[in-house]
Structure formats: structure tokens, C-alpha cells
Amino acid sequence: MTATDWQPSELQRGRDAYRRARSRRSALIALISTVVLATVVSVVVGRSSGWDRTKSNFFDFRVGFQGLPELLRALWINLQIMVIGEAFILVFAALIAVLRTLRGPVWVPLRALATVYVDVFRGLPVLIVLYLVGFGVPSLQLQGAPNSPFVLCIIALVLTYTAYVAEVFRAGIESVHPSQRAAARSLGLNHAQTLRHVVFPQAIRRVLPPLLNDFVSLQKDTALVSTVGLIDVVLTADNQKSQDFKFVHLVMAGLIFVALTVPLTRLTDWIARRQGWFGAGGGVV
Amino acid sequence: MLQITGLRKVFGSTVVLNGLDLGVAEHSCTALIGASGSGKSTLLRCINLLEVVDDGVIDLDGRDITDPRVNANEVRTQVGIVFQAYNLFPHLRVLDNVTLAPRRVHKVKRAQAEADAMAMLKRVGLADKASARPDELSGGQQQRVAIARALVTRPRLMLFDEVTSALDPELVGEVLNLIRELKDEGMTMLVATHEMGFAREVADQVCFLDAGRVLEQGSPEQVLGAPREARTRQFLSRIIEAGRL
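Protein sequences appear in the order of chains A and B. Residues 1 to 285 in my numbering are what the first sequence lists, from first letter to last. Residues 1001 to 1245 in my numbering are what the second sequence lists, from first letter to last.
Don't take every hint at face value.
[What the hints assert, rightly or not] Capping the alpha-carbon separation at 25 Å, the derived lysine to any residue pairs in SDA-like fashion look like this:
id	chain 1	residue 1	chain 2	residue 2
1	B	K1129	A	H177
2	B	K1122	B	R1200
3	B	K1129	A	S179
Simulated from the structure, these hints should not be mistaken for laboratory data. Since this is a predicted model, take the numbers as computed values, not measurements.
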């Protein structure tokens, strides 16, 4: 029996036509409301008394594009920080998350340490961590301590984001039903093997959307490294602004960040959909 | 009361319901039997409008409820369903599981809703478990709560989807007794089940589903005792081999 040797009944064709008409109407309403909103916004903003000056300062894209190649070269710093940082964050966060889920008296000090670490670095604003690490560590003049701003920035961001991501992982680990653990232990797997082969794979699948969310956020926060003197996109744009007094360079830098995060966000949605996380179990409700 | 004609439901390339016809009279109990994958669950889910059908008509009290213009939520207030895996809300107490729909959908005041829910829990013999969490109950108790939850909004038609399949044999009885009582009170019911003894005793008609159609339909004595179709005989002989008839 295949789906091909079947013709929809008159009634079903009517229903399908009705549903198509409904979706056409929805699309039309969406189009009209978008046009109306865009018109209202452009009229209101365009009529404001300072619009001409604002436009020449913020939206002079001719000037903006001239500065773009330099910005893109500076972007390399942000990308490096992001990718290297993410690699460390994933490993450390997994470690912290596992430490926090360990049971048994032997692990009490490690567990407490992990808890304190997460509490502290989740609470600290990134900017403050960047200042403390970026200026504090070099001022110690310790033998062998890194003093390149690049490395220090990565350390600061890893410290902050590991705390966030560890909590995401822990939530994932604890969301795996205890029966899964029981099944794995019953087969003779030890605690580590159970985590590695049964709990973690299920946990990761569940927390992938919030995980990527944190990475998008990290991507944006690489903009803060300019505060400790690293010449990244933001600082470059700021320098350009100081030369011609046009904010359009910062707008361009902003657009670059948006352009970077949008694909990552879409990727998250796509993975989530492919795994069937939305509406798992099928059905229309 | 319920008249289904030419019902079709396709998942991807799998035709699950293939032009199924079925009629259910008011105050009657219809048992749906058949192998796994024969479409029993899908049929019940379609009647509760949890699935969008691909063709055919489900007529409830003279109205085609599969029409896209019909308000599905309003239909569902008349049709209760109980699932194989109970599907209780684990984050809510037993009492709150039962009062959720009356309070949020039917806007019953809290005190009234809780009084109704307590009466319903007393009926299913679980009044003392009202403030327990679902995972503190046995499977049979959970399923009785699920039945109470479905009954409390006074549906006119009840759908039971293999409600005892996940239960220990010793717990099956308490759930089936409850369904038996409902039948005696005149509730219209559609029961997908593997409990042939129960079907024989309680059902007014038994329908054997095969490949998405009702292959054989009749009184329990006829379908279970003297089946006409070869497929039905084959199915029943396997059940007998498994010691479940």
C-alpha cells in the first residue's frame, strides 16, 4: 500500500483549499502590517529635526564602506579569541559540571570549589573580570605569567563563560532521567563510563540550544576586549570615528557582529528542528 | 453519536489509516483490537483532534469535527482521552493535575474545582493521594488519576488508548474495574485494548483493525468467538498462544 494510488476526496480538497486560503491571508496580513510599520517608522524618524545630522553621522555608509577593510582585518582578533576561547570553555565547563554532580564525601572539597567558582564568576560582570585579569595579572610581575593582552583577554572570557556553560551542562546532566543511570550501572559501567557514554550524549542534545546561545553571547562580548587595549573591531572603529567624527564606523562594526551571530542562531534553530526538539512525539499540539 | 467515514492518515510514506469506517452508538462501548501498528492509537488521536486527518469525516453529534473551521479545543471538552503512558504532569500534585483543565479551560473557581476533583479522586479510590506527586504513585494509581483527570470535565465520549498495557497484571484489575463502572453509568467509550477477556465482557461491539481499516466488526461473541476473517483468526490465535485470552 503506497500513498500514490490515492486521490483526495472532494471534501478533503475543499479543506486543503480552505487551509491554503488561510495561509495566503496570513501572508497578506503580515505583508500589509510590515509595510504600514515601516512607513510609520520612516515618516516619524525622517521628520525629526535632528534627522539630517544623525543621518550624516551614523548612516553615511559611503564613508563606512571605506573603513570596512580595516575593520575586517581587525575582526580576525575577535574571531581568534572566540574560537580559542570556546574550545577551552567547552572542556573546562564539562569538567566543572561533572565535578558539581559528583556524589560522595571524598569529592566534597572539589565540589565546593567548583560551586564557589561558578557562583563568583557568574556574578561578576565580564568587564570587571577583563579589567582585573587584563591589568591585575601583569601588575603582579610574576615569573612566567602571561602578559600579552591577547592571552589575558582569552583567560578572562574563559573564566566568565566557563561558569555559565558549566551550569548549562549541569542542567543537562540532571535532566537525564535517573533510570538511564540505573540502566547503565546495571550493565556494569562505572560512574565515569556512565557519564561518558549514556548521560553526557543525552545531556548535550538537550542543552545544545542554550549552549549555542552562550556562544553567540561570547561572540558579542569579544567586543569588550578593546577596553584592555587590544585592537579589535570595536577599537578600530572607535579610532576611525576619532579621525572623521563619524559614528557610522561603529554602526558598521555592529553590523559585522550581527552578521556573525545570525548564522549561528539559524544553525541552532536548524539543529534543534532536525533533532525534533520542537513538538517531540509528533502530532499537531 | 460518532460516525467515522473514509478516515485516512498518513505519516510520511506510511499509510496508517486507510479509509477507515466506524460507527459508535451513544452509551455503547466499542473495543478496538488489532496488532501494534494497525492504527488503533492513531484513530483515537484523530478523534481527539491531536492529529490532522488527511481525508475522511469524523462526525460527532452531527458535526464534522475534522473541518478546519471547527474549534478543536471546544471539541476536546466533549471528548476525553486516557493514554497508555498516563501522561500525568509530573510537576503538579495529583489534585492539581485534576483541577488544571476545570480551572484554566472551564474557569471554575478554585474551591469548586478542588471539591469536584476530590469527589472524582474519591470515585477512583485515590482521595488520600490528592497531595502526592505522580511519581510517588504506582502505575495503576497514576492511570486512575489520569482517568479522573479526563472525567472531571464531564466529556460525553471517552477514549482509552491501551490504558493497561504499561501496568503490572495485578494493577490491571483496578483500572479495568473503573472502566467497567463507567460503562454501567452509560458513558460512551472507545477502548483500544489487548485485554481480550475484558473486551469480551464489557464491549457492545468489537472491531478488529488491520492495515488501517476495520477488517471485522461485530458482537464480542462473534468477533472473538467465531471470527469470519482469516487475519482475525490469525491474530487471535497468537493472542491465545501468548496466554492472554
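For each hint, the structure was consulted:
1. K1129(B) - H177(A): Given that 25 Å is the threshold and the Cα spacing comes to 24 Å, the pair holds.
2. K1122(B) - R1200(B): violated (28 Å)
3. K1129(B) - S179(A): holds (24 Å)
Checked against the numbered hints above, the structure breaks only hint 2 and satisfies the rest.
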